[in-house]
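Going down the list, the sequences are from chains Y and S.
So the first sequence is residues 1 to 187, counted in the working numbering.
So the second sequence is residues 188 to 354, counted in the working numbering.
Hints were generated in silico from the structure; no laboratory data involved.
Accuracy of the hints is not assured; some may be wrong.
Using C-beta positions, here's what the derived DEER-type ranges look like [said to hold, decoys possible]: (1) S:Pro-338 to Y:Arg-73: 31 to 37 Å; (2) S:Met-328 to Y:Gly-183: 37 to 43 Å; (3) S:Asp-329 to Y:Pro-108: 51 to 57 Å; (4) S:Gln-211 to Y:Gly-61: 49 to 55 Å; (5) Y:Pro-144 to S:Asp-326: 29 to 35 Å; (6) S:Trp-300 to Y:Gly-61: 51 to 57 Å; (7) Y:Gln-135 to S:Trp-300: 40 to 46 Å; (8) Y:Ser-174 to S:Met-328: 34 to 40 Å; (9) S:Leu-323 to Y:Gln-187: 29 to 35 Å; (10) S:Met-328 to Y:Asp-155: 54 to 60 Å.
Please read all numbers here as calculations on a predicted model, not as lab measurements.
Yeah, the Cβ is synthetic: ideal placement off N, Cα and C, and Gly gets one too.
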Amino acid sequence: MSRPVQYNNTIKFEGIPEGYMGEGFMATNLEKVVSLARKNSIWPLPFATSCCGIEFMATMGSHYDLARFGSERVSFSPRQCDLMMVMGTIAKKMGPIVKQVYLQMAEPRWVLAMGACACSGGIFDSYPVLQGIDQIIPVDVYVPGCPPRPEAVLDGFMKIQELVNAEGLRRRHSDQYKDMLAGYGIQ
Amino acid sequence: MSLTNETIQQKLTEKFGDQLTNWQEPYGMLTFTAPKDLNLKVLQFLYDDAELRFQFLTDLQAVHYPDNKGAELAVVYHLHNLVDNVRIRFKVFADVAKPDVFSATALFSAANWMERETYDFFGVNFVGHPNLIRILNVDEMDYFPMRKEFPVEEQTRVDKDDEMFGR
């Protein structure tokens, strides 16, 4: 017979949203269900440029597994991703490309700036480096560090999950959101 | 007979005489200076000569000497003789007000991108280059970053506290 599980047997399950349950059906709040589904299946786009990209590779590895948060499928296609993780130094010449990739993402989309260079230019306070990607695209979570430890990246990812959970279905159509995008020159 | 620095120097002075100056040998690598207009002739001679055979352009870069009035920009060529394993370096000086230097692209294809980079960072105008545009920096940049005239820091930052940075 199979050996009983000795370790990792206190797995935390995601709570089911409260609702009215019956024989074969459950009536609950659509927003809660959609948020639950979205937050546990974020597919990231690793826009990895430098050293933080290597740190991300470590985070995706088995020791600091990022896949257990639902991001098993990491893809470089913006059409199929929810979260763009910008990792590494972005030069001014790379700026329009980052923006282009961001524009190709479908709503709802989030951006995580990983590392000091993506947050604010990092130690490269100089003519070729873009001083933070929030000069060109809106950023949701900043993960500081040079490079941030994988645990820090996971913490940032969990904060993105909280944002996804709390967002609601109407935010992307609201005027406030459109105004914010207009501030970056994005229609 | 192996190719020594004395042989190279002798052959060059035979051909060009006093125009080549400032002969030095830092760390054993023969270095000399040529006038700006002769750079292609010197390169061609070093390429074609049966004994010298400097047919590999290792590096092409510039240095900005702001104190050398009239000859601020030095364009430095590093050449390598692959057969005898000998390297030499030669420099040409140009005035920063009119930094025109003949392009070595016709002789060495490697000079193409190296001259573009030198143009991008120092503003040296290579006459005769097929496509002299910026290569590493943003195209809209209107200054030449590696000249020693510009501050190191990015000027558009608004969040740096002057007190903390000693200004």
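Hint check results:
The supplied range of 31 to 37 Å is broken by S:Pro-338 and Y:Arg-73, whose beta-carbon atoms lie about 46 Å from each other. Checked against the hint of 37 to 43 Å, the pair S:Met-328 and Y:Gly-183 fails, with Cβ atoms roughly 25 Å apart. Distance hint check: the CB atoms of S:Asp-329 and Y:Pro-108 are about 40 Å apart, inconsistent with the given range 51 to 57 Å. For S:Gln-211 paired with Y:Gly-61, a C-beta distance near 53 Å keeps the hint of 49 to 55 Å intact.
The given range of 29 to 35 Å is respected by Y:Pro-144 and S:Asp-326, whose C-beta atoms sit roughly 32 Å from each other. Between S:Trp-300 and Y:Gly-61 the Cβ separation comes to about 37 Å, which falls outside the hinted range of 51 to 57 Å. Hint check: Y:Gln-135 to S:Trp-300, Cβ distance near 29 Å, so the stated range 40 to 46 Å is violated. Checking the proposed 34 to 40 Å range against Y:Ser-174 and S:Met-328 shows it holds: the Cβ atoms sit about 38 Å from each other.
In this structure the supplied range 29 to 35 Å holds for S:Leu-323 paired with Y:Gln-187, their Cβ-Cβ distance being about 31 Å. At about 38 Å, the CB distance of S:Met-328 to Y:Asp-155 disagrees with the hint of 54 to 60 Å.
Of the hints listed earlier, those the structure fails to meet are numbers 1, 2, 3, 6, 7, 10, in rising order.
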